[in-house]
Amino acid sequence: MDKRISLLVDGEERTLTVDTRTTLLDSLRDRLGVTSPKKGCDHGQCGACTVLLGGRRVNSCLVLAVAHDGAEVVTAAGLGGGGGELHPVQEAFLARDALQCGFCTPGQVCSAVGMLQEAATGQPSHVTADPGRAVELDDAEIRERMSGNLCRCGAYVNIVAAIRDAADPGRTSGTASAGARP
Amino acid sequence: MAELLASKAMGTSLRRVDGVAKVRGTAPYAFDHPVENPVYLFPVQATIARGTVSWIDTAEAEAVAGVIAVLTHLNAPRLARSDDAEYAVLQGPGIGFRGQFIAAVLAETGEIACHAAGLVAVGYDIAVHDASFTAGHPGQYTPGQVNGGAVPDTAAGDVEAALAEAAVVLDQTYTTPAGHNNPMEPHSTVAAWEGDSLVLYDSTQGVHAVRQTLAPLFGIAPENIQVAAPNVGGGFGSKGLPHAHVVLAVMAAQCSNGRPVKFALTRQQMFSLAGYRTPTVQHVRLGADGAGRLTAISHEVVELTSRIKEFAEQTAVPARMMYAAPNRRTSHRLVPLDVPVPSWMRAPGECPGMFGLETAMDELAEACGLDPLELRARNEPDLDPETGKPFSSRHLLECFTTGAGRFGWDRRSAVPGGRLEDGWRVGIGAASATYPFYRNPGNAARIAYGGDGTYTVQIGAADLGTGSWTVLAQIAADALDCPLEAVRLEIGDTSLPVASVAGGSSGTASWGGTIIAAADAFRKEHGDRPPAGAATQAAAPEDPEAGRYALHSFGAQFAEVRVHADTGELRVSRMLGVFSAGRIINPRTARSQFIGGMTMGIGMALHEAGIMDPRFGLVVNHDLADYHIPANADVGDVDAIWLEEVDLHAGALGARGIGEIGITGAAAAIANAAYNATGIRIRELPLTAEKFLS
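First to last, the sequence lines map onto chains A and B.
If you count by the working numbering, then the first sequence holds residues 1 to 182, one letter each, in order.
If you count by the working numbering, then the second sequence holds residues 183 to 876, one letter each, in order.
In case anyone wonders, no lab produced these hints; they're calculated from the structure.
Glycine included, each C-beta is placed from N, C-alpha and C at the ideal position.
There may be inaccurate statements among the hints.
What the hints assert, rightly or not - Some, not all, of what chain A presents toward chain B, calculated at C-beta under 7 Å:
#  : residue
1  : Arg14
2  : Thr17
3  : Phe93
4  : Leu99
5  : Gln100
6  : Gly102
7  : Phe103
8  : Thr105
9  : Pro106
10 : Glu144
11 : Tyr156
12 : Val157
Unchecked claim - Per the computed footprint, the stretches of chain B lying under chain A, defined by three or more beta-carbons under 8 Å from a beta-carbon of chain A, are:
#  : stretch
13 : 228-234
14 : 366-376
15 : 489-498
16 : 643-653
17 : 763-776
If we strip away everything but chain A, and leave its shape as in the complex, we get (with noise of 0.2 Å):
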């Protein structure tokens, strides 16, 4: 059965006919050619596939478009605006070599811009101490609400410092770690 649907995408007004049973993520790679949310195991089980959804990250391959006719989406090609600026999120992972084969890159950009917003408004997490008090985006909160986002090429470590530096410009430098021995 097909619908006809419209959504914000990226800040355009698109509309497009979907079968009942196609993915929001599908809808947008295969329906309307934005494919910078990526497919890694359409189970929800990975978060390549992470946008933000009315502002909050989704896995899109988890949800059914057709249930969110009207809604605004935001990919990582978006993120920055209509001008072609990057977010402060992604300057960070390009500073602190937060990637390798750049596939999940997308999914944890927008997961990472999800996940600050959700703390700022003190949403706790798994390991969060007091659930009471402002959340302290400490390196065990960071992982812990990443681990939604799989990197096989192992870029954890540096994904930790992109975010730490994109949450708190002021008490890092964006400067990666790299050198020779000591």
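Fit chain B to the known structure of chain A by using the hints.
Chain B only, in chain A's frame:
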């Protein structure tokens, strides 16, 4: 010794040149390439491990609106060759492993194809299968050679006599389970026939290898196949050679009325169709004198292969050159089973082999009453024990001493189980890492001058996250003695000069060395002031020193783990790798490669195990929920550093490759740290919690 290329752009921490497109998600991977009016393919897989398809009914599937065709062995196009059973897709009713393709649905959308695939009905004549891997399997045999071309068995001296006389003998068996590469990008192919020519967007580590593999299968000239792979979402060996899905996609594109076919394996399908690492059983025997000097090393390995296609992992090969011992024996035996075809996974051979050998060395150190680092120092060979050749550069001990100071080795408790902190037992361990130097022949590069100060540099190389887009541009800039901004690099397409596969950590040396040779040829032909349009293509240089030296990289892996005293949960709190790998072209991307390998080593140590149910020939845990790869919270403080060096005998680049060494020895370092923490020696990976609750 080759004349070394001076560093200017090389050695700088240039940011990934493809980074902006990748953080935005706009760099196209195989399935992302837009094509007109595509057809979507979804396969049907065998649900038995051995036998034949006795009947197959596609009527219900074909009746679904939007289905274009259903291919089975009864109607699929015939291949020109079908001698490689992995590639002989739909060429007959035979089934060699569970998960094998037995049909494929082509449809207007992915949803329709997937739905209709579920409507294909199949009957089987079931044959008795064998999917039980055991070291004592009566069917085991000696392969003709192991992966990489080495002989399966070696013997020097008299191991049995040396063990009989040794003051200290270590005799243990170590096992590693099946590992699945699981690159984040599923194996994907977009295939289109344009007349007699084939155009592919493929997820591959080598576009020319895909072309060379497909040409004889489809009976066409390689030049009539164009393969593009500008961006590859990881591979770790599983995209080193095409697998059956590429053949199926190309075949389907012969039946789609000229429309392009898009086919991505699902994550679940990857577990039976994309290669994997064999489980290993490693019998290690070490003999040492009273001072801890090895007198004998014996490393005997049993592993599996598919009955339909042989792959022999070279697990015991590193034991041939790691340590000085006058008496040595290595062997490989394969158990042929009705299982999916194993293949390359990051550091085949060295990765599982260095778990067995380096855990054994840790055990031997304790038996000899020596610090594990001192044991390595007492067994450092002057020459390669295997070949008798000098090492071009062997700094294993320097890696250990550098790392020991930086990691705080002196804080290691000499007595296992000696540190308990807040309910966690804390331990420190170490292990050696090693990987050989490979530089592949058969490369060529083309350099053209644009007249405006820019040079176009072309080679069909691959970047699967390895940084090739960045480091090859750096190498080209220095080879042409021009600013980095003047280099226009083109890779990942068969329209470019031929390139070898991104495998064996050989890419940078093979392709980079070829670019240097092409730059030299360009200068010789066109001088220092080339006219606009001047172009030169050159092949990789001969290595004048070929065969004179033993070329290997080395490293020292350090790990600190915490094992919960009550639950057995193991956490890797810190890791440090110190590597000696020749020249490092880009410190920023190199560090990522090293820590990436070490992070995959954490997965190998703690989590990863493909569980074969021998009753059904099925990898039971065939998705990312059940086959757990490291998540962010699994990885603590992991860092990598390296010795400043240039290998004077590894060509003009002096770099030995860094893609795989980071995983070697990592699991052993973690297991050795777990022993130091708990006093419990685990010889069977992975190090799951219940093993610490004995």
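Broken hints, numbered, in rising order?
Those not satisfied are hints 1, 2, 13 and 15.
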